[in-house]
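K.L.:
Mapping of the sequence shown onto our numbering: residues 629 to 1256, in sequence order.
Certain hints may be false.
[Stated by the list, open to error] Restraint-style ranges between C-beta atoms, simulated for each label pair: (1) 1032 with 733: 29 to 37 angstroms; (2) 964 with 849: 22 to 30 angstroms; (3) 795 with 966: 31 to 39 angstroms; (4) 1031 with 891: 41 to 49 angstroms; (5) 732 with 848: 16 to 24 angstroms; (6) 823 with 912: 23 to 31 angstroms.
[Claimed, not checked] Cut-off 20 angstroms, straight-line C-alpha distance, at most; resulting in silico cross-link-like pairs (SDA-like, lysine to any residue): (7) 995 with 964; (8) 1072 with 964; (9) 1023 with 996.
Think of the hints as simulated: they come from the structure by calculation, not from any bench.
Glycine included, C-beta positions come from ideal geometry on N, C-alpha and C.
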Amino acid sequence: MSFMDDQNKNLILATGLSFLVIMVWFFLFPPPEAVTQDEPATVATQETALAPSATPDAPMTAVPPDAELPETPRVAIDTPRLQGSISMLGGRIDDLSLKSYHETLDPGSQIVRLLSPVGEPNAYYALYGWTPAGALDYEDVPGANTTWTQVGGATLGVDQPVTLEWDNGQGLVFTRTISVDDHYMFTISQTVENRTGEAVRLAPYGIVARHGKPLNLQNFFVLHEGAVGRADGELTETNYDDIAELPQVAREGALAEVVEAQQDGWIGFTDKYWMTTLIPQQGQPFSSVTKYVPGADIYQAETREQLVTVAPGGTAEVSSRLFAGAKEWEAIRAYQNEGAIEPTEGAEPIPGFIDSIDWGWFFFLTKPIFAVLHWLNQMIGNMGLAIIALTFLLKALVLPLAYKSYVSMARMKELQPELEALRERAGEDKMLMQREMMRLYKEKQVNPAAGCLPILIQIPIFFSLYKVIFVTIELRHAPFFGWLTDLSAPDPSSIFNFFGLAPWAAPTPGSTMALIFIGILPILLGISMWLQQKLNPAPTDKAQAMIFAWMPWVFMFMLGHFASGLVLYWIVNNVITFSQQYVIMRSHGHHPDLFGNIKAGFSRKSAAQGAGKAANDSRPPAAKKRKP
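Based on the sequences and whatever the hints tell you, model everything.
P.N.:
Encoded structure:
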């Protein structure tokens, strides 16, 4: 076996490992299928949300299944980023749409609707109330079905709060003031005034309720969808199936998990790009609850705060926040660090709020990678160019390691005559050959496995960037140039319609046809990998040569359905790697014969075909095919 075979074996080992990892990823975590909207299920119009209890196992009140919801007035919500309304029934924030985001790339498509009221498919809403304690009963405090009265502000807007009021007729007057900033953060201030002659005890709560699983659930293992929360520095993520398997809570008729937080935390539901999260006052104890009500098929996230004692003639006030909107990194980071988008007196930072974005296992890489990508996009103004610039930065960071690797590979090539001489002396003595090779490597300070490092180091970076492109909303509908209008989606071009030149449509994304008839970017990816291989002659071993020959094209089809932003990164990475390796090899006296290696590859194919023809012609006349 020649020296070049050893080098190719190392490279094949590293490339094969990366190939294996991506194959495992491909089969275990296939891309989500295109979401199809089924016919809306019939949803009962009865109120089925449950009010929380002061303790996890206390009884809960629910409106009977046959109850009919009365028509109640609504308060409009209108901000630069939000539109919707608040129902006076329970004071529920249950109608909310995001003005800045459309369902599809078509600017005329509907804007994304986040929250919807009971009576519509997959109702999703937030509500607040008080849990009674001591002598009070549920009829004495406002809950899910309390009809509030508006006493201030016609429309909820930025710097335009609205105030709701409810008098229980027994000496307790409840007031709720709702305000919102110019992004997605609501502030809910709840006040109770005690006009009775005795002290009363009660506890505030907040609920985010979701009727059934979301219609557009991705069901993709690499993405978390469901409940997400943080309590005293510990992040908890629970998907919908796991919520439905929580332990039974005595006397509540529900499945629930209760976490006691002493200092800080938050809880809510997260989708791929959107989130609705309850944020109680930080620095004080509260209970964080994840719950499922099997009979009503309702998923709930709750915050239960400490009991408040209100003296006769006294007033108690509790303030909390609700995030309902897009998981924009810059906004969420501002809420985490400053408590508000703009510096605001008294705003409480929300510890760990940035972790509401699903950064995945490689969070130590995905977080800084996205931060740099976001900064580059702000500087350049084009996310595709930002990905290209990020690729150059990442390659610059690993250049010292890559340089040492390529230098070691060049030195290995210089040792080829000595290795060939060793093989001749050792003959069939493999132990002697191995011992002498190790001595030679040590003497010349050469690492035979160094060629693996540049490829292996790409694996965690590749997966981290894949995660960033897949889950961050900043990549959603982000255009590049020409036909690439969404870098978070696969390349929409296709061989099937000659890249848009033919008058028929390309295959539907996610279909088998789309996997076969790939687009322009995947083809460029295969070519870039093929050219990178041609810097070295093909291995003499037939099995290794076959693996080398097929690998670029297998990767081309495997990655063809990945997000176009990721394929763009891989192409640029290959081009940079090709250039680095070419320059470093030439600087150490090795002159890659790129065109010669390409020509040799085709020559071998022609030679193999000729050999096959010659073998056929050399058979006896009786073995040849005869024309009839």
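K.L.:
Can the suggested window of 31 to 39 angstroms be confirmed for the beta-carbon pair residue 795 and residue 966?
P.N.:
With a Cβ separation near 38 angstroms, residue 795 and residue 966 satisfy 31 to 39 angstroms, so the hint holds.
K.L.:
Evaluate the given range 23 to 31 angstroms for the C-beta pair formed by residue 823 and residue 912.
P.N.:
holds, 27 angstroms
K.L.:
Hint check: residue 1023 vs residue 996, CA-CA at most 20 angstroms. Holds or violated?
P.N.:
holds, 15 angstroms
K.L.:
In this structure, is the beta-carbon distance linking residue 732 and residue 848 contained in 16 to 24 angstroms?
P.N.:
About 19 angstroms separates the Cβ atoms of residue 732 and residue 848, which means 16 to 24 angstroms holds.
K.L.:
Could you say whether the range 22 to 30 angstroms given as a hint is met by the Cβ separation of residue 964 and residue 849?
P.N.:
At roughly 27 angstroms between Cβ atoms, residue 849 and residue 964 fall inside 22 to 30 angstroms, so the hint holds.
K.L.:
Does residue 964 sit within 20 angstroms of residue 1072, going by the straight-line distance between their CA atoms?
P.N.:
violated, 54 angstroms
K.L.:
Is 29 to 37 angstroms a correct range for the gap between the Cβ atoms of residue 1032 and residue 733?
P.N.:
Given range 29 to 37 angstroms: violated, Cβ gap about 45 angstroms.
K.L.:
Just to be careful, I want the Cα atoms of residue 995 and residue 964 compared with a cutoff of 20 angstroms; is the pair within it?
P.N.:
Satisfied, since the Cα-Cα distance of roughly 15 angstroms is no more than 20 angstroms.
K.L.:
Residue 1031 and residue 891, beta-carbon distance inside 41 to 49 angstroms?
P.N.:
48 angstroms Cβ-Cβ, so the 41 to 49 angstroms window holds.
Of the numbered hints stated above, those contradicted by the structure are hints 1, 8, listed in ascending order.
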